[in-house]
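With the hints as extra help, turn the sequences into a complete structure.
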Amino acid sequence: MRLTVNDAGSDAASMRHVRSLRPDFIKLDRSLIAGIERECRLQDLVADMVEFGRLTGAGLIAVGIETEAELATATRLGVKAGQGYHLGRPTIHPRDWSKWTARATQTVSPL
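Heads up: the sequence shown begins at 1 in the numbering used here, then just goes up one per residue.
By construction, these hints were calculated from the structure, which means they are not laboratory data. Glycine included, C-beta positions come from ideal geometry on N, C-alpha and C. Everything hinted at is true.
Label-pair distances were calculated between CB atoms; the ranges are:
{"id": "1", "residue 1": "ASN6", "residue 2": "ASP44", "range": "14 to 24 Å"}
{"id": "2", "residue 1": "GLU39", "residue 2": "ALA102", "range": "42 to 52 Å"}
{"id": "3", "residue 1": "THR91", "residue 2": "ASN6", "range": "12 to 22 Å"}
{"id": "4", "residue 1": "GLY78", "residue 2": "ARG2", "range": "12 to 22 Å"}
{"id": "5", "residue 1": "SER98", "residue 2": "ASP44", "range": "46 to 56 Å"}
{"id": "6", "residue 1": "MET1", "residue 2": "ARG38", "range": "37 to 47 Å"}
{"id": "7", "residue 1": "THR101", "residue 2": "ARG38", "range": "34 to 44 Å"}
{"id": "8", "residue 1": "SER98", "residue 2": "ARG38", "range": "42 to 52 Å"}
{"id": "9", "residue 1": "ASP48", "residue 2": "LEU21", "range": "13 to 23 Å"}
See below:
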């Protein structure tokens, strides 16, 4: 089993999880990625997180990459994985399609 801490950098609680859980992956919150190409402080913070990941063996995933500039900057800083609309829109895997369409036709009864 692998452990991922989501929304790292969004609040102090997420950083406590990063410290205490020793995750395999750390997903950097969009708030650290949005406008990173223009914000030196964000760049410094992400570079520090990359170094932390290297020291602890945790991979970093930049979340919410929406522009080529954000992708280029995160990559330059050492982030090796990402997700976001710039990289691809969310989709449903074909094998899961029937589950989703079945759910759409079900009705919920009140308690």
